[in-house]
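Just so you know, the protein sequences line up as chains A and B, in that order.
The opening position of the first sequence corresponds to residue 155 in my numbering, with each subsequent residue numbered one higher.
The opening position of the second sequence corresponds to residue 155 in my numbering, with each subsequent residue numbered one higher.
Certain hints may be false.
It does not matter which identical chain is used: a pair holds within one copy or between any two.
Taking lysine-lysine pairs in the DSSO-like style, the calculated list, with each CA pair at most 27 angstroms apart, reads [stated by the list, open to error]: (1) Lys-338 <-> Lys-360; (2) Lys-196 <-> Lys-272; (3) Lys-272 <-> Lys-249; (4) Lys-419 <-> Lys-315; (5) Lys-315 <-> Lys-374; (6) Lys-300 <-> Lys-409; (7) Lys-315 <-> Lys-366; (8) Lys-205 <-> Lys-374; (9) Lys-409 <-> Lys-318; (10) Lys-360 <-> Lys-315; (11) Lys-371 <-> Lys-315; (12) Lys-371 <-> Lys-409; (13) Lys-249 <-> Lys-185; (14) Lys-300 <-> Lys-272; (15) Lys-196 <-> Lys-366; (16) Lys-374 <-> Lys-295; (17) Lys-409 <-> Lys-360.
Please keep in mind that the hints were generated in silico from the structure rather than gathered at the bench.
Protein chains: 2
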Amino acid sequence: MRRALTFDIGGTKIYHTIIDENGSIIGDIEKYHTPKSLEEIKTIILNAVKKYENEVDTIGISTAGAVNNENTRVISSTGNLVSNYREFDFQSISKLPVYVENDANCAAWAEYEIGASKNCPYSVMITLGTGVGGGIIINNKIYKGKSGAAGEMHFKMYSDKRRKCTCGAYDCFEAYASGTGLKKTAEEMSGNPDITTYDVVEGADKGNQLMKDILAKWQKHITLGIIGLANIFDPDCIVLSGSMAQFVDTKEVEKEVNNEIVTTKTSIRLATAGNYSGMIGAGLLAIKSLEG
Amino acid sequence: MRRALTFDIGGTKIYHTIIDENGSIIGDIEKYHTPKSLEEIKTIILNAVKKYENEVDTIGISTAGAVNNENTRVISSTGNLVSNYREFDFQSISKLPVYVENDANCAAWAEYEIGASKNCPYSVMITLGTGVGGGIIINNKIYKGKSGAAGEMHFKMYSDKRRKCTCGAYDCFEAYASGTGLKKTAEEMSGNPDITTYDVVEGADKGNQLMKDILAKWQKHITLGIIGLANIFDPDCIVLSGSMAQFVDTKEVEKEVNNEIVTTKTSIRLATAGNYSGMIGAGLLAIKSLEG
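Extracted from the complex, chain A is given alone in its bound form (with noise of 0.2 angstroms):
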């Protein structure tokens, strides 16, 4: 059976582990601080691939920032990682295989073949972390666009001009239906600046009646967000992944985005494949580009 060698590089973390061709973690799960240079990042992974290069077939890449049609480079900067990152020549760091892919459509690809939307061969993963990730599959493939960048959820909550994002934009759905996305509406809500997305989660757990409001608005959000991609995607299922999809109610959401869509019903799904679903996905990807 085929194994790859798989690294999930973000701008805090770095893993990495040994998995086989069908998506279980059969190696220990090594970590590390994300270092501030290229060259503490490069030694980390050169020092995997010293130590496993021989128990494995291929080398599969999860990164942070949008990764070329080739999948050899990252083609975007990324807030969160080294201003030269996008320098690094992957390939450079073995005589096997190496194929790269953003970290959210390796976790999308993750739940196509071993979790919520196995079988489906038209589906949006939605990851709701410190920010919001998007990773596409369209007819059994990870959606890229021209340049490889497809699939950023940026796309407009209000038009006038309420909430800046991240990207520099305003009121995109990363603004709203984010863990910084909660906190903020939560902010706004109970006129607290110091309140935390804990004591929202915390709060309405316990059944205050604010708390319960402030997650309510940033469901609909979701909802609304998700009523839109159900719309232009017609897809068999939404997938919901990320440390804050568990706050979501996917079966009222699944319930308000059908009774208001105007394409075909759709299925909203919390993500199956687990926290190493980036390093799942790219390693499976990796193995699947063996096969030409």
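Fit chain B to the known structure of chain A by using the hints.
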């Protein structure tokens, strides 16, 4: 050279003509008011088939309403057409192959084959008329989603229920970017319930500041909608078609869009395949499907 008899079946008019495999119109363009019963619609079509089927290789039908992925029948209810239109078995009209596709998708295909998005593997076409239509080209094919209904331009411009859309929901792109949307914006900004889109474009043309502001507001909503689509699809281009497209300053929209998107630069273009792009697209799709 292969030829298609091709129809455009809309809520108010039915057209038919003959096109060749280059997309050139080589027949007379015949026009009818859309009758009030399915039987009368069929009669118009059957008369044309009887008259022309010996001169062509296939039959294309561009129709209002979502069309299934097999391109054989309409799957959605279309408010503008007779209620039993979905029962229409299009293949029954002729022994020749009959290829059916949604009118916005047909128009997008005509732009892809002979118009503004030629040689663009990834594009989104937005038809700005009384309503708003959408046609998405992905990987050189029409994107239809799981059921055939994809490409509906019903995503939110606001999240606080300001303006009802024809789809029954609130604040869809269609409710702001359409001609009807322009009239509504004009009513709100002028306080005059009888103002027409003609008043706005004529007044703006003559330098009336309020009319210029109204048109700018309408264009702003279009720009913000396009920003979302460009971030989601990372397309080669976005094509604007329909009777209202001529009033959009595409250069300005392109500049604003490229200034704001997080994906790579895209191009905003006016459609060039002409008023009969629906028929041309349907005919070209019908001819293409003969190739298997």
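Verification of the hints:
no.: 1; hint: Lys-338 <-> Lys-360; verdict: within (21 angstroms within a copy, 44 angstroms between copies)
no.: 2; hint: Lys-196 <-> Lys-272; verdict: neither (34 angstroms within a copy, 42 angstroms between copies)
no.: 3; hint: Lys-272 <-> Lys-249; verdict: neither (32 angstroms within a copy, 40 angstroms between copies)
no.: 4; hint: Lys-419 <-> Lys-315; verdict: between (32 angstroms within a copy, 22 angstroms between copies)
no.: 5; hint: Lys-315 <-> Lys-374; verdict: both (19 angstroms within a copy, 12 angstroms between copies)
no.: 6; hint: Lys-300 <-> Lys-409; verdict: between (34 angstroms within a copy, 19 angstroms between copies)
no.: 7; hint: Lys-315 <-> Lys-366; verdict: both (26 angstroms within a copy, 21 angstroms between copies)
no.: 8; hint: Lys-205 <-> Lys-374; verdict: neither (48 angstroms within a copy, 55 angstroms between copies)
no.: 9; hint: Lys-409 <-> Lys-318; verdict: between (30 angstroms within a copy, 20 angstroms between copies)
no.: 10; hint: Lys-360 <-> Lys-315; verdict: neither (34 angstroms within a copy, 30 angstroms between copies)
no.: 11; hint: Lys-371 <-> Lys-315; verdict: both (18 angstroms within a copy, 13 angstroms between copies)
no.: 12; hint: Lys-371 <-> Lys-409; verdict: within (16 angstroms within a copy, 33 angstroms between copies)
no.: 13; hint: Lys-249 <-> Lys-185; verdict: within (24 angstroms within a copy, 66 angstroms between copies)
no.: 14; hint: Lys-300 <-> Lys-272; verdict: both (26 angstroms within a copy, 14 angstroms between copies)
no.: 15; hint: Lys-196 <-> Lys-366; verdict: neither (45 angstroms within a copy, 56 angstroms between copies)
no.: 16; hint: Lys-374 <-> Lys-295; verdict: neither (30 angstroms within a copy, 34 angstroms between copies)
no.: 17; hint: Lys-409 <-> Lys-360; verdict: within (25 angstroms within a copy, 49 angstroms between copies)
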